[in-house]
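Q: Residue strings, one per chain:
2 protein chains.
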Amino acid sequence: MKKSKPIGVFDSGLGGLTVVKQLTRVLPHEDIVYLGDTARVPYGSRGEQIIKHFSEENTNFLLGKNVKVVVIACNTSSAVAADYLKDKFKKVPIFEVIDSAAKDAVKKGKKIGVIGTRATIGSGAYERDIKKYSKNVKVLVKACPLFVPFIEEGELKSKALKIIANTYLHNIRLAGVDTLIMGCTHYPIIRSIIKKELGSNIKLVDPGVSVAREVFMFLKDKGMLNDQERKGKKEFFVTDLTERFTKVAEMFLGEKIKSQLKKIELSK
Amino acid sequence: MKKSKPIGVFDSGLGGLTVVKQLTRVLPHEDIVYLGDTARVPYGSRGEQIIKHFSEENTNFLLGKNVKVVVIACNTSSAVAADYLKDKFKKVPIFEVIDSAAKDAVKKGKKIGVIGTRATIGSGAYERDIKKYSKNVKVLVKACPLFVPFIEEGELKSKALKIIANTYLHNIRLAGVDTLIMGCTHYPIIRSIIKKELGSNIKLVDPGVSVAREVFMFLKDKGMLNDQERKGKKEFFVTDLTERFTKVAEMFLGEKIKSQLKKIELSK
Numbered sequence: 028m029k030k031s032k033p034i035g036v037f038d039s040g041l042g043g044l045t046v047v048k049q050l051t052r053v054l055p056h057e058d059i060v061y062l063g064d065t066a067r068v069p070y071g072s073r074g075e076q077i078i079k080h081f082s083e084e085n086t087n088f089l090l091g092k093n094v095k096v097v098v099i100a101c102n103t104s105s106a107v108a109a110d111y112l113k114d115k116f117k118k119v120p121i122f123e124v125i126d127s128a129a130k131d132a133v134k135k136g137k138k139i140g141v142i143g144t145r146a147t148i149g150s151g152a153y154e155r156d157i158k159k160y161s162k163n164v165k166v167l168v169k170a171c172p173l174f175v176p177f178i179e180e181g182e183l184k185s186k187a188l189k190i191i192a193n194t195y196l197h198n199i200r201l202a203g204v205d206t207l208i209m210g211c212t213h214y215p216i217i218r219s220i221i222k223k224e225l226g227s228n229i230k231l232v233d234p235g236v237s238v239a240r241e242v243f244m245f246l247k248d249k250g251m252l253n254d255q256e257r258k259g260k261k262e263f264f265v266t267d268l269t270e271r272f273t274k275v276a277e278m279f280l281g282e283k284i285k286s287q288l289k290k291i292e293l294s295k
Numbered sequence: 028m029k030k031s032k033p034i035g036v037f038d039s040g041l042g043g044l045t046v047v048k049q050l051t052r053v054l055p056h057e058d059i060v061y062l063g064d065t066a067r068v069p070y071g072s073r074g075e076q077i078i079k080h081f082s083e084e085n086t087n088f089l090l091g092k093n094v095k096v097v098v099i100a101c102n103t104s105s106a107v108a109a110d111y112l113k114d115k116f117k118k119v120p121i122f123e124v125i126d127s128a129a130k131d132a133v134k135k136g137k138k139i140g141v142i143g144t145r146a147t148i149g150s151g152a153y154e155r156d157i158k159k160y161s162k163n164v165k166v167l168v169k170a171c172p173l174f175v176p177f178i179e180e181g182e183l184k185s186k187a188l189k190i191i192a193n194t195y196l197h198n199i200r201l202a203g204v205d206t207l208i209m210g211c212t213h214y215p216i217i218r219s220i221i222k223k224e225l226g227s228n229i230k231l232v233d234p235g236v237s238v239a240r241e242v243f244m245f246l247k248d249k250g251m252l253n254d255q256e257r258k259g260k261k262e263f264f265v266t267d268l269t270e271r272f273t274k275v276a277e278m279f280l281g282e283k284i285k286s287q288l289k290k291i292e293l294s295k
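Top line first, the protein sequences correspond to chains A and B.
Converting from the first sequence to the working numbering requires adding 27 to each position, the first position being numbered 1.
Converting from the second sequence to the working numbering requires adding 27 to each position, the first position being numbered 1.
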């Protein structure tokens, strides 16, 4: 009975759909409920207390949808609110992208680069988690704040983006980093641009892939994998809805959104 | 007595400080109370109801500070919520950047370009207001969504920004626009880049200048100009405060912020 419950995923916005994409690959038979807090995006520039508060509201919404696990797709929430949520909601297993990606990265390389938003990098969460899993690695971090607006604007082939990428990744390239964590839900969209800058030998870690594998292993171990024959259903909820959302959402998800995005209200 | 009351200014974030800069130039003896709703910035991607609601809360805060007039520095609020606020708060004169800039632009040119965020351009507010003041002008609009992130990152000399500006302003240049409204609080910061793209003959309208002049004329007419000898005091309130704010605020204001930014809470 428990098996058939959906997986809950939340993000500050729509970028977390790149995580849903990976969950769908690894766990094609699972139903997924997604919540994007688009009315209050971006979390990255907000203070810690308010991020915890928003994350708690998001988790409560997903629990109301009777999910069997919660995945924090948002890097900022993962950095700031994961421990708080795990402490608050002891009955539901909570997964988050940063811990999963850190665990993956130390298996792959010795000189690990991390790129992300200003908030994620500033939090130091990736360095902390990487060091938790291995003391013998070097970590180099770099905030790349202009990547998100370029991606959200769909300006993926712009020469300007290549110039920005070249500038941001300059020191990581010089340092001879062997493994790079794409520490923002948006970055897998520009994977090829990043790879071009750093050379084809670079090992890229997509935290969406890492957390999807971890959720798979957990559900398998616990005998909680959904054994239905049909493919999983997806439901998408957002806290604010404007015209461009569906288009942007489909870019992140990498497929057409069949059911509509549904607008809901978390608090007044 | 009424004369000595401050001027109230609100914006969704810190960009409205470019409007404060112009108010200070035109009205150096006026005290100013500024509210930047940084906890809920950006308004541009939000729905209409929520923008009205936020704008009403901002206005209420300023009225609590006993202001003699309210200036809406935010283009999105001006586009979406100005009429709503004027209707709701009949006792205080409310000024807004779009109407003021439109009035100015029709005095200057016949072929008027307007650049702004996706939300401002999408609202059609500039076209509507320009047509209200003159039927005999052509209007060409263009959303320039990547300008704001470049400016907020302080990436003003980046070659990438020049490429973006060239792309965004291409059609406006080709159309032979004679007057351009910089329809976003941030854009005066890249005035020289815009001017370089469009040639030195282009007449630029800074809505901050337009609204500052209009407020000046109004206060003068009503005998409400502050006649104190000292320079006006400024107070800055924000709804969320992070480390980078003071630096970004000083870029927009064009001067050091002597008093601290004060964090306040508008609603839970």
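A few of these clues could be false.
Given that identical chains are not distinguished, each listed pair holds provided it fits within a single copy or across any two copies.
[To be verified] DSSO-like, lysine-lysine: derived pairs with alpha carbons at most 30 Å apart:
# : residue 1 : residue 2
1 : Lys223    : Lys29
2 : Lys285    : Lys130
3 : Lys117    : Lys165
4 : Lys29     : Lys113
5 : Lys283    : Lys169
6 : Lys158    : Lys92
Bear in mind the hints are in silico, worked out from the structure with no lab data behind them.
Q: If a hint holds in the structure, say so; if it does not, say that too.
A: To see whether the hints hold, each was checked on the structure:
In the homo-oligomer, the alpha carbons of Lys223 and Lys29 never lie at most 30 Å apart, since the shortest distance is 44 Å inside one protomer and 64 Å across protomers. When the C-alpha separation of Lys285 and Lys130 is checked against a cutoff of 30 Å, the pair qualifies neither within a copy, at 34 Å, nor between copies, at 46 Å. Within a single copy, Lys117 and Lys165 get their C-alpha atoms no closer than 34 Å, and across copies no closer than 62 Å, so neither meets the 30 Å cut-off. Taking the closest pair of Cα atoms, Lys29 and Lys113 come within 30 Å of each other only inside a single copy of the chain (20 Å); across copies the shortest separation is 55 Å, beyond that limit.
Proximity of Lys283 to Lys169 under the C-alpha cut-off of 30 Å is restricted to the inter-copy arrangement: shortest distance 28 Å between copies versus 33 Å within a copy. In this homomeric assembly, Lys158 and Lys92 never come within 30 Å of each other (Cα to Cα): the closest approach is 35 Å inside a single copy and 50 Å across copies.
In summary, the structure is inconsistent with hints 1, 2, 3 and 6 from the numbered list given earlier, while agreeing with the others.
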